[in-house]
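J.: Whenever a hint applies, use it, and build me the whole structure from the sequences.
Residue numbers (my numbering), protein chains in the order written: chain A, 6 to 428; chain B, 295 to 804; chain C, 179 to 656.
Because the hints were derived from the structure by calculation, they are not lab data. Remember, predicted model here, so these are calculated numbers, not experimental data. Incorrect hints may appear among the rest.
What the hints assert, rightly or not - Below, a list of computed lysine-lysine pairs in the DSS-like style, where the Cα atoms sit at most 30 Å apart:
#1 A:67 - B:299
#2 C:415 - B:419
#3 B:780 - C:231
#4 C:637 - B:781
#5 B:387 - A:413
#6 B:511 - A:322
#7 C:231 - B:781
#8 C:476 - B:626
#9 A:413 - B:391
#10 B:634 - C:275
#11 C:476 - C:401
#12 A:322 - B:648
#13 B:780 - C:637
#14 B:419 - A:413
#15 B:699 - B:748
#16 A:414 - B:626
#17 B:633 - C:231
#18 B:745 - A:313
#19 B:602 - A:322
#20 B:799 - C:637
#21 C:275 - B:626
#22 C:494 - B:419
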Amino acid sequence: MSLEEYRRDTWDCVRCSHCKFIHPYRVRSLRFSKICPSSAYYFFDGYSAQGRLDIARGLIDKELPEASLNELQQVIYACTLCGGCDVMCKYYNDLDPLLVLEELRVACVHAGCIPAQLKEIIESIRENGNSLFQPREKRGEWATGLNLKDIAESKAKVLYYPGCNYSYDPTLREVSRLTAKILTRAGVDFGILKAREMCCGTLALQAGDRNSFKALLDTNISNFDRLGVRKIITSCPICYSTFKTDYKRYGGAMRCEVLHITEFLVQLIMEGILKLRNKVPLSVTYHDPCHLGRLGEPYKKWIGKRVKYGRYDPPIKELRQGTYGIYEAPRTILNTIKGLKLLEMERSREYSFCCGAGGGVKNTYPDFSRATAQERIEEALATGAEALVTSCPWCESNFKQAIQHGSKKMKLYSLLNLVNQAL
Amino acid sequence: MTLPKNVYKEIEGILGPHNVSQNTGVLQAYSKQPFPPGLLGRKRPDAVVLPESTCDVQALVKLANRYKFAYIPMGNYNWDVPRQDNTVIIDFKKMNKIVTIDEQNMYAVVEPGVTHAQLQAECMKRNLICNSTWGGSPCSVLANTIFFGVGGLSYRFGYNRVLLSMEWILPTGEIMKTGSLSADGAGYFCPGGPGPDLRGLIRGFFGVSGGLGIITKIGVKLMPWPGPASFPVTGVAPNFATTFSADRFRFHLIRYPSLNELIDAMYAIAEAEIGAVLQRFPSSWFQWASARSKEDFWRGWESGYLQKVARNVIVVWLVGFSSARQLEYEEKVLQHIIKKTGGEDIPSSDKLYKMVDPAWIGEWFQCGGSGRIMRPAGTHMIAMIGFDSIDHAEKVAKRADEIRKEFNFMDDAENDWICTYDFGWQGDAECLILPEQNEEDMQQAMELAIKGLKASLQDRTYTGLQIAETHHMLGPAYGNYHELLKKIKEVLDPNNVANPPNPIKVDDSL
Amino acid sequence: MKKELEEIVGADNVFDDPEILDKYARDRSLFAQRKPSCVVQPENTGEIQAIVKLANRWLIPITPVSSGAHFNGATIPSQSGIILDLRRMNKILHIDKRNRAVRIEPGVTWGQMQKELYSHELMPLIPLLPHQSTSALTSTLEREPALIPKTEYGEPILTLEAVLPHGELLRTGSACVGPPDETQTDLVGPSGPGLDWHRLFQGAQGTFCIVTWMNIKAPPLAKREKVFFIPFQNIEKAVKPLYAILRQMLGAECFLLSRFNLACILAKKWSADFDTLRKELPAFTLILCISGGTILPKEKIGYQEADLRDIARQLKIRLETSLPGVDGKKGTALLTTLRSCWEKEPYWKERFKERCCDIFFYTTLNRIPYFTRLVNTVAAANAYDAGNIGLYVQPVDGGRHCYVEFNFPWNSKEREGIYDLYVNLSRCLVNEGAFFGRPYGLWSELVYNRNSALTATLKNLKNIFDANQIMNPGKLCF
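T.: Rendered as structure tokens:
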């Protein structure tokens, strides 16, 4: 892959500006009508998908020399890669803005202008198997006292894969622990990898370090195969979409079924295995994580070329545009909890406004990241709900910090926490 | 970068460094014009600025006159890129207030950063609706209204008739208030006066693209809206569905055997003064409107189905603005006209009808799908456009067909968009082509447009393609208006800083 | 110069007789007389062009005049010069039934046009009871509001042909393609070329050009109609119902008259009938005509009436089909009177006293009660009997704003007093946000002095169009 492969995409952008806003049919107010966090924060068009496609076009057509990537770095990397622009654009045209954004970062890495913070994260993944600069051996400590099967030592039907954040972050461990407890309670035969668990590699991919990502991909798939893993349940949407989609995109032959915990919980509830008996009298609004929602939909591999009019040869049957992301499972769960009232934000499902944590921006552009989270919290408050709920470690962590340091206060729960209260 | 450092510093001084950028990545994003012929001519500006207020804009304009740099005010669907060095682009994203929605008197006042979707959402909550624009709902209400402004309800709002008063920064930096805004404490409700109506100075068929100054606030008309408080959509993209209550809304597709009979029907419907929407919907539009991908479009189009069943179809939306009784009355009148004019009211169970319903049916009230016109080839272009009566639209459309045959664009014969305005007092034919964004197609597109212009002059029809590039060609045939236009530009913009060469070229430097 | 003019138009059409000049030196307004040097009556565009070119050579002002009676001072030649009286150009050039338009010359009156249009089942967008000699073209050009406030009927000018102040010809919109008999257009596209010249020429009081023909909207004549009269005891009570009716886009003609005005209009025998009507008419009457349109007229009237009755019930207003104290003048017959020319002298506004001073401006409906109170207060302060003030409210553009006209009858002995009232009241109204969009007389000074950028722009435009400043100098800000 290279930028040149996206020449058609960059040329066919007509600056319609749909990538900056949610779908017009869904706009409910001026206040909450934008989809693109970086366009909303920085305002200049360079920070939108349209602007970045123009940059890509410039590099492809040599209007911009490769040396300019140094100057372009900030514009390229100040993006959460949330995919909002991609969903919007595909409603109208056959372009792949998100892939172009990814490719721009790859170009930066090749030119040696990856942001230092991301370079350090990749180094941490390489050295310690996680993106949080933590010792490898402490990865399994989240499960202390839970007596969980080590899948490397005892066979299990399901691998529970918490991911780096749910493993290491003490403020988020509740989710992995609750997930494990619930799976146990439901009688699921599952195991964990403990210290053998390796980062899915998403931040390497998001940084544009394709080689590092591929190395992680190979390692993980090889481990899963070796251990005979055929089903993975994860609480982390980022790991979920990485395994399900990105590994496939990069040629990984994942032989396992990958489920997010919300998908699995819905099954358990429908089958009557999990009964949510307790009342939880609370009004909540649910934030759709990007990687569970619009970026969580399945990927069908396509190899081909663009021909006249930009048609695909062989044809793509359906563009991937967030239609089949996981939106209803979390809502079904919440609606099943007695006494809980679910209020929707104006931007929801495929038009959910990003929490601001993705794309490495939490480390590279923390002000932008925090402002984005605060924007979302304002939107949550505007629903009148008492609490904000989500099911993603990046979202939860970023919202937590924004609430802590910002002026807007709101209760925040993980979905697992509410399920636990209802059990 | 040609803008002198000291000038850049002064701009930063006025607007704040966070509102000014010379970053290459930022500049690159403003370097391409989305449509032919400008598509192939790309140029980065020297800086992009984000003013936050009218005062900011005024200060910038005065600076431009002092240091003789050009500026381009832009909306969200950029029409202009720099044609010369020393050009600053003004992006109004931070000036995005809906200043007021006067519910009683049915108008809104907006800054340039407000989009159609945003204004529409705020209006619907108040049982009002603004005109949508087929440029797409991310378009700036202000920029689109003073430039083109054709949308779903133009049949009722009129062509170029939604604009009320304006707050206008002249090219030399003075602030002018037009219409009732000129009376302290009056508001934006009245467009004309005092004395002459200065809306006449901001546009003709098309607007002047900031060539005679920058408009920083406008009043726009609103209409009563008997529909829901928010656009009624369900589903996840692209599987949207919209439904409107049957007692106040009714959508019709009516097919005619020939264009001539279709035109007669449009006249009859317009004269009966019914409907909220009345336009001829081209056959290929059914396809791109519903297509989920390029492949979807081309397979459908190449099957030949639409060419057989969708030539000469009009869209009529009946809306009971006053009551359900009104809707029933208009339904009866419409059926009477359909019978009399030999039309076929396509039933809702028909495959063609279903191509429009379920998602597109609300398109005329909130434009959310028109951007799909880019899908077939990557861009589109108005090859010919004629503005006068509905009969005139037919003439222009037929002529466009003849000319298009000589070129290799998608075969879209007998297929032009015919809109009507003000209960049919005017009509226009927009003859579009769908070229690819490459040098060959762009050249062909240009040739076609010029041929179309020449044909229009020869035929003595009236072309709407009146832009900076064509005034010198059209002027001598149209009463030498270009001479007046040139003088106006020279007087109002003596330093030629307001988006040259708009509205007309005044020197040979470009 | 006279000789040259005679060579252009013929000796019979050039006048410098003092008595004739005297007639053009004044009008029915309060404004000072200014005598022209001659009056010329051309017959066609070519003659007008020649006259204009001559005027440029001699730097002589031209004041174009189309109507026979004038009320606002716009045709008093501030700097003397030539009166260009266009009454000989009085042809209805073409009625286009399909495109619902009528093309007229400046000398065509409303009555003349109405009669012709009716015979083609079309109707004019007529203002309230124009003088029999009022030019329909000039009235439209000066944005006199029509009785029907429908948005779609608004901005009735389609295209026009004008002689510019240097003598060139400009046709606007789709008419620019060529002379009417050579074009493939139907002369109905207003926009362009380049700019909307037809908008710049509106409200200009003849300072930018001389319009030689105009194509105007002429909607279809309804086959059936029903008229309602809605009485109000005070103006405050009329606001909500008017908003409701206009919001639902009900009706065609929709306007409000005070009892004083209606009495002046309806009185047959003066002053006995007038006195009776003043007692018996409601303080204010909203006149609303429900038009049946062209297809299924009964059904249209049916639904609109039903919707109107819903509003009436909700807002507790009465819907009458006749007016008290007016025998034999039911509904439609009365409306026919109101939507025609005033064919007799004295003009209806001048029945009570010799003359009438009109103060008119634009505002929104909700502010009318405030302005009414203000007018009454200032009138009282100027010792003017509020009972003799007429009020006419004409919703415009679907009711988005209104034309408001206060009428102050006066006799010649009261001239000074009425002038003081006019000045004081105009100033107060401007200060309170009344928009004098048609700035005649003093109003031009009041509005343009407050808007330097607008004034400068207009002057710039004027200098472009009329470098020698010959077209009706002294009007607007020129």
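J.: Look at each hint and say if it fits the structure.
T.: Structure-based check of all given hints:
no., hint, verdict
1, A:67 - B:299, "holds (26 Å)"
2, C:415 - B:419, "holds (27 Å)"
3, B:780 - C:231, "holds (22 Å)"
4, C:637 - B:781, "holds (13 Å)"
5, B:387 - A:413, "holds (24 Å)"
6, B:511 - A:322, "violated (45 Å)"
7, C:231 - B:781, "holds (20 Å)"
8, C:476 - B:626, "holds (12 Å)"
9, A:413 - B:391, "holds (23 Å)"
10, B:634 - C:275, "holds (19 Å)"
11, C:476 - C:401, "holds (9 Å)"
12, A:322 - B:648, "holds (21 Å)"
13, B:780 - C:637, "holds (17 Å)"
14, B:419 - A:413, "holds (26 Å)"
15, B:699 - B:748, "holds (16 Å)"
16, A:414 - B:626, "violated (57 Å)"
17, B:633 - C:231, "violated (57 Å)"
18, B:745 - A:313, "holds (25 Å)"
19, B:602 - A:322, "holds (25 Å)"
20, B:799 - C:637, "holds (23 Å)"
21, C:275 - B:626, "holds (24 Å)"
22, C:494 - B:419, "holds (27 Å)"
In terms of the numbered hints stated before, the structure departs from hints 6, 16, 17, listed from lowest to highest.
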